[in-house]
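Start from the sequences and build out the full structure, keeping to the hints where you can.
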Amino acid sequence: MFSSTGIKPYLTEDLVETVHENKHAEHNKTYSAGISFKDSQDVHIGELTIYFIVTGYGFEGSNGNIDVHFWVPFLLTEEPEKYMEEAEAMQFIFINFASEIQDVIDGALDALYDHWDEGTPLKSLFEKE
Numbered sequence: 001m002f003s004s005t006g007i008k009p010y011l012t013e014d015l016v017e018t019v020h021e022n023k024h025a026e027h028n029k030t031y032s033a034g035i036s037f038k039d040s041q042d043v044h045i046g047e048l049t050i051y052f053i054v055t056g057y058g059f060e061g062s063n064g065n066i067d068v069h070f071w072v073p074f075l076l077t078e079e080p081e082k083y084m085e086e087a088e089a090m091q092f093i094f095i096n097f098a099s100e101i102q103d104v105i106d107g108a109l110d111a112l113y114d115h116w117d118e119g120t121p122l123k124s125l126f127e128k129e
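Just so you know, we're using the UniProt record's numbering here: the sequence shown kicks off at 1 and counts up by one.
Some clues are possibly wrong.
Below, in silico cross-link-like pairs of lysine-lysine (DSS-like), each with a Cα-Cα straight-line distance of 30 Å or less [as the list claims (entries may be wrong)]:
id, residue 1, residue 2
1, 123, 29
2, 82, 8
3, 8, 123
4, 38, 8
5, 82, 123
6, 82, 29
Worth flagging that the hints you see were computed from the coordinates, not collected in a lab.
Have a look at this one:
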């Protein structure tokens, strides 16, 4: 597996409503946020999309819930033009950047629960508290 030295994750896409196939009967909406990975030369080497699937709000007998799903469109290896398999890319990202990813997830969940539970406007992930 290749080294994470010099690679940094960057939030590149704020929470946006997304079309995402969902067979859950009580599905409300799906949102996504994007993270890019750049190497030490500022070359874009990968992406992670985080989906937040909102279910159960406004359905009788159901409590609101937000599930989190991940997708890696691509992540380059040290070899030019060679991509990691999705499972390997997920493992690499979560081993090396778990706290940064968790910070984005925590901020998104706070914003989404405030929005769905309290009716507040959806807050940008780029806003600092």
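| request: Of all the hints given earlier, name the ones this structure violates by number, lowest first. | output: Of the numbered hints, 5 and 6 do not hold.
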